[in-house]
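Following the hints, put chain Y in place on chain L, whose structure we already have.
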Amino acid sequence: MMASRGTGAVLSRAARMRQKLQSALEASALEIEDVSYQHAGHAAVKDNANETHFNIKVVSPKFEGQNLVKRHRMVYNLLSDELNSGLHAISIVAKTPKEFGS
Amino acid sequence: MASTAASLRLPSPPLSAPAAAASFSSATTLRFPLRRRGAARPLAVAAFKKLSEASPVPIPPESAQPPLDEEALPPKPGVYGVYDAAGELQFVGISRNVRASVEGHRRKVPADLCASVKVSVADEETPDRAVLTNAWKSWMEEHIESTGKAPPGNVAGNNTWVGAPQRPPDLRLTPGRHVQLTVPLEQLIDRLVKENKVVAFIKGSRSAPQCGFSQRVVGILEAHGVDFVTVDVLDEEHNHGLRETLKTYSNWPTFPQLFVGGELVGGCDIISSMAEKGELSALFQK
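These protein sequence lines are chains L and Y, in that order. Last residue of the first sequence: number 102 in full-length UniProt numbering, and the count goes up by one each step with no gaps. Last residue of the second sequence: number 286 in full-length UniProt numbering, and the count goes up by one each step with no gaps.
Next up, chain Y with everything else stripped away, as it sits in the complex:
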């Protein structure tokens, strides 16, 4: 089971998984493998609506007030298909949080490709990955049977929908250990957090955090569509001495640490709790 899951590249929420070409079956040009893997699970698929049975819901512009209600676009696991303004199916995806994923598409994808969405949520709160994958497969097959082609966004090489987002690289405090610093590290930190609105000091790189807490903070910020930069406190070549100096600078002994407008907001617990209470958006609008 584990190996099956590992070989499937699905756009896990919030769209953070860049599709790796290596994982595709060579027999298909689609973004997800359609190859049957052992016994399918027809029961799991039966729990979802068919693509043709789901009714389309218009996707409002990002700034729309009130936002689309959660009944129509639920923050739940499921399968969804996004239609363009002409009513053509553009992309079929699965997500642990359909609402967040569709909002992510809306931010990333041109508005005329994101006009409406069909959704079918899972019966369970935490469905097995295979259940979602099967739902995705059956929607894809249904569409291909009726139109003879896959949705353009699901074709390999099309990075409109699930391609790696344009992420700024991890910032480095120094050019390298061999370079003699002319200003104290503390001053470099100070400048960095004041020149960048949102800075996350994390363990590991943005694309591969080395610590669960850092990973969670990166995930929350990306889910909120926050424009932020990261600094890897484990990068001994470029950020040597950063961990100890930052602990003193911020008077905070652990990582990750999030700064907004030059001020420490907190670590993973505080960010998680603010996200749960819906306080994060306000913070980033300041």
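This is chain L alone, in the form it adopts within the complex:
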């Protein structure tokens, strides 16, 4: 992380998403997959857009006792800046450590 800052590189959207989700959700597992290429012809994806579609799998103790709508909202809320700046859709799998283990 320091290295990338040192070289002045801008963090990718995927990297920013990872940081936000990891720290806020204390995720014990977190997979972020860029599937934008699958939506290249998509009407809503404008010319130069990349990093528009992601699959996210996240395991967090904070999902305990929350229904799916609430879990997805937690993820969406954490990524609201991204959703407002070109992130078009994310597919979310949100589990608690207990559900993930079983």
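By construction, these hints were calculated from the structure, which means they are not laboratory data. All values derive from a computational prediction rather than experimental measurement. Do not take every clue at face value.
Here are some chain L residues pointing at chain Y (derived, C-beta under 7 Å) [unchecked claim]:
(1) L21
(2) A24
(3) L68
(4) V69
(5) I92
Calculated lysine-lysine pairs in the DSBU-like style (CA-CA distance at most 30 Å, straight line) [as the list claims (entries may be wrong)]:
(6) K57(L) / K76(Y)
(7) K277(Y) / K70(L)
(8) K95(L) / K247(Y)
(9) K108(Y) / K95(L)
(10) K277(Y) / K247(Y)
(11) K57(L) / K98(L)
(12) K108(Y) / K70(L)
(13) K277(Y) / K57(L)
(14) K149(Y) / K108(Y)
(15) K20(L) / K247(Y)
From the three backbone atoms N, C-alpha and C, an ideal C-beta is built for every residue, glycine too.
Leaving out everything else, chain Y in the frame of chain L:
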């Protein structure tokens, strides 16, 4: 290959493909083209039972408990023929999910036309479309050879089996952009989701969703036989401003969005996962 597939109008599951008359060969009045297209694939057909070899399974009424077991009517790709109460073959179809298709017929078609079904499933889990088409052709030919006529449900113009289902049109929030709204859009949304039990806000129309996720949700709801209405969030003429207002109303940033009884149930991921776990039926019975 691609052009061949595109010109065949097959009742893909769950019976959502309305047959287009334009795709029929003029040489036949049948719903599917019987015309040979290049080299047939005899090997593929050999994998299926013949119509005369398959044994009929009674179709229980919708509410029957326990439902017909999956061994007899498997949720797998294959060819099937539905018989009426008198034992006459009424319709031959192919499907990626024979069980779902037959259940769809049972809901749509009068019960006396849907008494029993013969099924032959494909060997592969995801057979090529041509494999299924060939199986359909050979069942049709077998039946026509022995009786001299096609099953009534497969004759063009008969919409009993695969005609476009009676779908309500996409709902519109306003009569058009030129009309001054007297109530805020948010209130219109609120009224709409409370007055309609199941509402899907989707991108595109119900018959032609413009987004894969919207399409999947529509497909799942139709496969479950759910009575639902749709609203096209891309319709700028009638639903101008809906996308932004709905995002705030539901506190949900993406589409599609499904509401049941005025409450947000979720988007595509949640609906898909509930469908997989078998939780959807319970939701719609509430």
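Comparing the hints with the structure gives:
Proximity of L21(L) to chain Y is violated relative to the hint, the smallest CB-CB distance being about 15 Å (cut-off 7 Å). Restraint check, A24(L) versus chain Y: the minimum CB separation of about 16 Å is more than 7 Å; hint violated. Checking L68(L) against chain Y by beta carbon gives a least distance of about 5 Å; that is within 7 Å, so the hint holds. Checking V69(L) against chain Y: minimum C-beta separation of about 5 Å stays under 7 Å; hint holds.
The closest approach between the C-beta of I92(L) and any C-beta of chain Y is roughly 5 Å, which is under the 7 Å cut-off, so the hint is satisfied. Between the alpha carbons of K57(L) and K76(Y) the distance comes to roughly 29 Å, so the proposed pair stays at or under 30 Å and holds. As the CA atoms of K277(Y) and K70(L) are separated by approximately 19 Å, the hinted pair is consistent with the 30 Å bound. Straight-line distance between C-alpha atoms of K95(L) and K247(Y) comes to about 24 Å, which keeps the hinted pair within the 30 Å bound.
For the proposed pair K108(Y) and K95(L), the alpha carbon gap of about 38 Å is over 30 Å, so the pair is violated. At roughly 27 Å between alpha-carbon atoms, K277(Y) and K247(Y) fall within 30 Å of each other, so this suggested pair holds. Our distance criterion of 30 Å between C-alpha atoms is met by K57(L) and K98(L), whose separation comes to about 15 Å. Only pairs whose Cα atoms come within 30 Å are accepted, and K108(Y) paired with K70(L) is rejected, the gap being roughly 37 Å.
Simply put, K277(Y) and K57(L) have alpha-carbon atoms about 18 Å apart, close enough for the 30 Å limit, and the pair holds. Between K149(Y) and K108(Y) the alpha-carbon distance is near 24 Å, which keeps this suggested pair within the 30 Å criterion. A distance of roughly 21 Å separates the Cα atoms of K20(L) and K247(Y); the hinted pair therefore holds under the 30 Å criterion.
Violation of the numbered hints given earlier is confined to hints 1, 2, 9 and 12; the remaining hints are satisfied by the structure.
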